[in-house]
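Asker: Residues per chain are reported as follows:
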Amino acid sequence: MPTDVGGGVTYDLGSHLVDQALVLFGPAVVGRSDLRAIRHGGNDDHARVDLQHASGVESHLLMSRVSRGLGPRFRLLGTRGSFTSEHLDGQEPALAAGMSPRDPAYGLTPESAYGILEVDGPDGVLTRRVPMERGDYPEFYRRAARAIRNGGPLPVSLEDATAVVEILHACTATAAEGGAPQRNAAS
Amino acid sequence: MRDLLEPRIFGRAGFPVTALGFGTVAVGNLGRPMSDDVARSLVQYAWDSGIRLFDTAPMYGHGLAELRLAAELSDYPRDEYVLVTKVGRSSPPLHPVPSTVHHGSTHRPCGSTTTTRSTV
Numbered sequence: 037m038p039t040d041v042g043g044g045v046t047y048d049l050g051s052h053l054v055d056q057a058l059v060l061f062g063p064a065v066v067g068r069s070d071l072r073a074i075r076h077g078g079n080d081d082h083a084r085v086d087l088q089h090a091s092g093v094e095s096h097l098l099m100s101r102v103s104r105g106l107g108p109r110f111r112l113l114g115t116r117g118s119f120t121s122e123h124l125d126g127q128e129p130a131l132a133a134g135m136s137p138r139d140p141a142y143g144l145t146p147e148s149a150y151g152i153l154e155v156d157g158p159d160g161v162l163t164r165r166v167p168m169e170r171g172d173y174p175e176f177y178r179r180a181a182r183a184i185r186n187g188g189p190l191p192v193s194l195e196d197a198t199a200v201v202e203i204l205h206a207c208t209a210t211a212a213e214g215g216a217p218q219r220n221a222a223s
Numbered sequence: 077m078r079d080l081l082e083p084r085i086f087g088r089a090g091f092p093v094t095a096l097g098f099g100t101v102a103v104g105n106l107g108r109p110m111s112d113d114v115a116r117s118l119v120q121y122a123w124d125s126g127i128r129l130f131d132t133a134p135m136y137g138h139g140l141a142e143l144r145l146a147a148e149l150s151d152y153p154r155d156e157y158v159l160v161t162k163v164g165r166s167s168p169p170l171h172p173v174p175s176t177v178h179h180g181s182t183h184r185p186c187g188s189t190t191t192t193r194s195t196v
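Chains as they are written, first to last, in the working numbering: chain A, 37 to 223; chain B, 77 to 196.
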């Protein structure tokens with residue numbers, strides 16, 4: 037199967053980024069997308085997707101399998117304040133280190149990894165660290181188990197999942213019109 | 077509570093599968109490496125537990141999960157289980173693949189030839 041009819045990092049990691057943007061800021065359309073296949077012979081492995089939400093928010097999503105550093109995980113920019121989080125919550129490193137989700141400390145993020153809020157104050161910019169909400173991946177699995185066992189609601193609704201796929205489809209369709217994903221010559 | 081091994085119909089495809097499937101991204105060494113023996117015993121445990129739906133992908137360890145799954149499942153009757161994999165995704169490894177994982181001409185990820193060198 038030719039790689040240009042398959043999906044790369046946009047469909048893979050991008051599905052999570054688009055999902056987060058839709059959950060946080062509501063329905064959106066694709067403003068612009070740029071998918072690249074930097075590694076020779078593969079699908080898109082580096083992509084930028086700009087979403088325009090009906091709420092007025094704009095999201096700029098960056099996903100890559102070829103960059104060592106991408107900058108902050110989250111950055112929120114408002115007229116009078118901004119929030120920057122360099123990290124996700126502490127679950128991934130904890131799990132990688134072998135911590136059980138049943139451990140009382142599971143899901144807690146060390147203060148050193150908190151995000152930073154900057155807002156305009158009466159005497160200049162106020163800066164403070166904002167505690168990370170306790171992470172709880174297991175809740176997804178508890179809900180998934182209930183849905184499978186008892187036929188209850190799925191942890192992610194089909195409507196929400198479909199909305200993500202529609203965005204991803206629009207990104208890849210846009211790319212296809214321009215003969216993309218763009219391929220760099222092999223070095 | 078419904079029986080998790082009771083057959084259910086897979087989407088609109090029409091064939092029955094067990095409600096629980098066995099996913100193999102960990103068998104492809106995601107997160108941390110495991111030995112061939114451990115991988116094989118996991119698949120065997122899933123089978124002995126009654127699971128008859130197995131899910132894999134060329135992306136899981138650049139073919140490693142498919143090979144390990146095949147090593148164990150080939151011992152069982154093919155018409156007694158459903159195997160799910162994916163197509164259309166290709167991502168040549170950026171770093172050289174360790175020799176224990178390298179499979180050269182015996183297997184190639186879907187859609188492209190295997191390369192062990194970065195082109196960036």
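Some clues are possibly wrong.
[Unchecked claim] Sample of chain B residues facing chain A (criterion: CB under 8 Å; computed from the structure):
no., residue
1, L81
2, P92
3, V93
4, A95
5, G107
6, R116
Honestly, the hints are just simulated from the structure, not real lab data.
Even glycine gets a Cβ: it sits at the ideal position worked out from N, Cα and C.
Asker: Regarding the hint that B:V93 lies at the interface with chain A, is the smallest CB-CB distance below 8 Å?
Answerer: Since the shortest Cβ distance to chain A is 12 Å, the answer is violated.
Asker: Please check whether B:A95 passes as an interface residue: C-beta within 8 Å of a C-beta belonging to chain A.
Answerer: 6 Å, holds
Asker: Let me know if the C-beta of B:L81 comes in closer than 8 Å to any C-beta of chain A, holds or violated.
Answerer: At 12 Å from the nearest chain A Cβ, B:L81 fails the 8 Å test, so the hint is violated.
Asker: How about B:R116: closest beta carbon in chain A under 8 Å, or not?
Answerer: 22 Å, violated
Asker: For the hint on B:G107, just tell me whether its beta-carbon gets within less than 8 Å of chain A.
Answerer: 6 Å, holds
Asker: Would the hint on B:P92 stand, with a C-beta cut-off of 8 Å toward chain A?
Answerer: 15 Å, violated
Of the numbered hints listed earlier, those contradicted by the structure are 1, 2, 3, 6.
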